[in-house]
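Asks: Those protein sequence lines, which keep their order, are chains A and B.
For the first sequence, the residue numbers in our numbering are 2 to 235.
For the second sequence, the residue numbers in our numbering are 55 to 639.
Some hints could be false.
Among chain A residues calculated to face chain B with C-beta under 8 Å, some are [stated by the list, open to error]:
| hint | residue |
| --- | --- |
| 1 | V51 |
| 2 | P53 |
| 3 | F61 |
| 4 | L62 |
| 5 | V64 |
| 6 | L71 |
| 7 | D158 |
| 8 | A159 |
| 9 | L163 |
| 10 | P167 |
| 11 | L187 |
| 12 | L191 |
| 13 | L195 |
Since the hints were derived computationally from the structure, they do not count as laboratory data.
Keep in mind it's a predicted model, so treat the numbers as computed, not measured.
Beta carbons: idealized from backbone N, C-alpha and C, even for Gly.
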Amino acid sequence: MNIWVAFGALTTGVIVWLWLIRRLSTRSWERHGSSVHLRHARGDVGEVGVPPARIALWVFLAVITSLFGLFISAYFIRMGHGHGAGHGISDWHPVSKPSILWFNSAMLVLSSAAMQAARRAVRLNDRARVRGYLFAGGTFAVLFITGQLVAWQQLRDAGYGLTSGPAGAFFYVLTGVHGLHLLGGLVVWLKTVLRMRTRAVELIEMRLSIELCTVYWHYLLLVWLVMFVLLLST
Amino acid sequence: MAYAAIADRDHAHALHDPQSFLTKYIWSQDHKVIAIQYTITAIAIGLVALTLSVLMRLQLGFPHSFSLIAPQNYYQFITLHGMIMVIYLLTALFLGGFGNYLIPLMCGARDMVFPYLNMVSYWVYLLAVLILVAGFFVPGGATGAGWTLYPPQAILSGSPGARWGIVCMLASLATFIVAFTMGGLNYVTTVLQARCRGMTMMRMPLSVWGIFMATVLGLLAFPALFVSAIMMTLDALLGTSFFMPAVSSMGQPMVYNGGSPLLFQHLFWFFGHPEVYIVALPAFGIVSDLLSTHARRHIFGYRMMVWAILAIGCLSFVVWAHHMYVSGMNPYFGFFFATTTLIIAVPTAIKVYNWVLTLWRGDIHLTVPMLFAIGFIFTFINGGLTGLFLGNVPVDVPLSATYFVVAHFHLVMGVSPILVVFGALYHWYPKMTGRMLDDTLGRIHFWITFVGTYMIYMPMYYLGILGLPRRYYAWDESIQFIPPSAHTMNKWITITALFVAAVQLLFLFNLVWSFFKGKPAGGNPWRATTLEWQTPDTPPRHGNWGERLPVVYRWAYDYSVPGAKEDFIPQNVPPDKLAPIVHTH
Chain A
2 MNIWVAFGAL TTGVIVWLWL IRRLSTRSWE RHGSSVHLRH ARGDVGEVGV
52 PPARIALWVF LAVITSLFGL FISAYFIRMG HGHGAGHGIS DWHPVSKPSI
102 LWFNSAMLVL SSAAMQAARR AVRLNDRARV RGYLFAGGTF AVLFITGQLV
152 AWQQLRDAGY GLTSGPAGAF FYVLTGVHGL HLLGGLVVWL KTVLRMRTRA
202 VELIEMRLSI ELCTVYWHYL LLVWLVMFVL LLST
Chain B
55 MAYAAIADRD HAHALHDPQS FLTKYIWSQD HKVIAIQYTI TAIAIGLVAL
105 TLSVLMRLQL GFPHSFSLIA PQNYYQFITL HGMIMVIYLL TALFLGGFGN
155 YLIPLMCGAR DMVFPYLNMV SYWVYLLAVL ILVAGFFVPG GATGAGWTLY
205 PPQAILSGSP GARWGIVCML ASLATFIVAF TMGGLNYVTT VLQARCRGMT
255 MMRMPLSVWG IFMATVLGLL AFPALFVSAI MMTLDALLGT SFFMPAVSSM
305 GQPMVYNGGS PLLFQHLFWF FGHPEVYIVA LPAFGIVSDL LSTHARRHIF
355 GYRMMVWAIL AIGCLSFVVW AHHMYVSGMN PYFGFFFATT TLIIAVPTAI
405 KVYNWVLTLW RGDIHLTVPM LFAIGFIFTF INGGLTGLFL GNVPVDVPLS
455 ATYFVVAHFH LVMGVSPILV VFGALYHWYP KMTGRMLDDT LGRIHFWITF
505 VGTYMIYMPM YYLGILGLPR RYYAWDESIQ FIPPSAHTMN KWITITALFV
555 AAVQLLFLFN LVWSFFKGKP AGGNPWRATT LEWQTPDTPP RHGNWGERLP
605 VVYRWAYDYS VPGAKEDFIP QNVPPDKLAP IVHTH
């Protein structure tokens, strides 16, 4: 056994040594050439052709994926914990889910669909439709948030306050964080709508804002659906 | 084409120079000004943390001599010292300070891609710092829960600041995370999108790579802290039981029931371990550039260095529970996390070897930045190797509550990154201000800091092996196993720490004095290749590059190229401008 270990160590040592010699003798100044990439040769806008806002949105989506993912894993860990969870006695008592949540989900789906329609209307260069769909998308989102607040109230009236137990507390926190993200989206939406109303901007200039709003809306719909399934099933 | 037209127009607008003092230096959207704002704020709050550490050392070296420092004060100091150093100083300084300054300059961009967001990021950071400081003045004082803020004790009346101090701390952290996310989106997008022509990802200086990867880690890891801060605030203020188990306080049962303190530990360390690398990776990157520039030699194994940064970044997400070996978790988990922890040593060791090999046969100039860079290699190896001990469960369990751990993490993620911060400030100060920092003061600063570090932390390893428990306010003579020599050693550590703390004031003096009286630096005093040294003006003006953006033709490490007229070739020198190089084919 020991001899094999020694042999292995020796071989590794020789390989590392050979590799090191090879690396040490490379001439870095010869390998790194002088060719310059001439694609996107537009002067001042940088090498990559993707608009910065789009990159930033996707990075931001990664960040909030981490955020919601951690909330959801905390949910599961807390659910399996509690007093003597191992012995089947947990302090986790599911809360009754207000039925208005179904209505809210429908609102959010409609909202997302309207945003998608607005995005398509931009491509068709149909200004009136863009305005209409955009407005509808925001309105449905506001209805969703109002519905969530009503759900909070119903839950509280049913006796599941914030301190009633972990399931109730998580319900408020998860829906609250999701709602806040949608509110943030609505701020950007409002800015887009106002820009379209007050200034004589070309539709093409609105394209990126509307596209990014739509992506964000779809993402938050996805998060809500995952959370909704989670809340219903536990 | 329409995009290009719009982008150009926006750019022309953005380049409109700010005129008044207020828009130029206070409400500035220029990445360089924001970087300096971040740096000054971080150094200011860092001085608070330094003062706290001095107070702690006074208590530990000369217990019962300072009536000012009561036990609860000691715990407040320990908590705030840790939190400030890790988050408000190091994270903010590396990413907000150096990230902001270096990314656009090194990538050949005019500014960050979202200058307004960048400005907001700084002001929100400042708000976070102010909320943190406000914690000292609320009823009950700042929190004394330890920087890990473990529940349940963090919000039980036994801990100092359990009512309002902890709330201030959590609010400040949440605010900081918002600020960081705004800044981080900027850094990542700028690196991905705004590099100048020819600056491919694999031609970026390692400083940018380190900062970039650290930002990615921060963006993905800080949400864990955010989640725990929100849930803990709810526990503290509204009586939910996310983390709080059923407890009695002063004989009275509290409202809490069934919460999981262990859940907090998992969330905290899911953030906490990547945080180590959020601080370390920028240091790795910057030190690579310092070593290469001042040794006049290309960085050894550039591509490997990049891959090592990426590997360390990914691995840092799967080692968090090595901070929790003593939490009573399943031994199989311990085995898994010990394995991943030791695997992280591989890319880290590759980096250390490559730094040393970069120096091999280099034309080493022992300038002040170089001294700090070499000092970093020493402290990082000494701190890192003891990490291998602590990564193993059976070694960690007896050592985890002793001074061995204190010495380990201070060397590896306290002193080492701080040495790089100093090196980087000496290195880039000429670009930021147009003047050199004073050399003699710099050398005094380095040697006292470096030697002092060893005189402080090596004895702590020894004390840890003796079994001296950490987090104690005082070790009474009644604790039998602590020999009298340990008390003497504690006095020694305290006296050294006072010297080292005092010499930092010399550095501050140097920063201020050199700003007015320093030797004029010229555009490229270190004869470096990277783009920030090739700006038309020093300090660079708004927009950085004058009329035209630079074009990059080579990697960042063309030092001592045979046949070249100078011993460095800047990244933006086109091949036809070079003196003919003799190729040996």
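Asks: Could you check the structure against the hints above and give me the numbers of any it violates, in ascending order?
Replies: The structure conflicts with hints 4, 7, 8, 11, 12 and 13, although it agrees with all the remaining ones.
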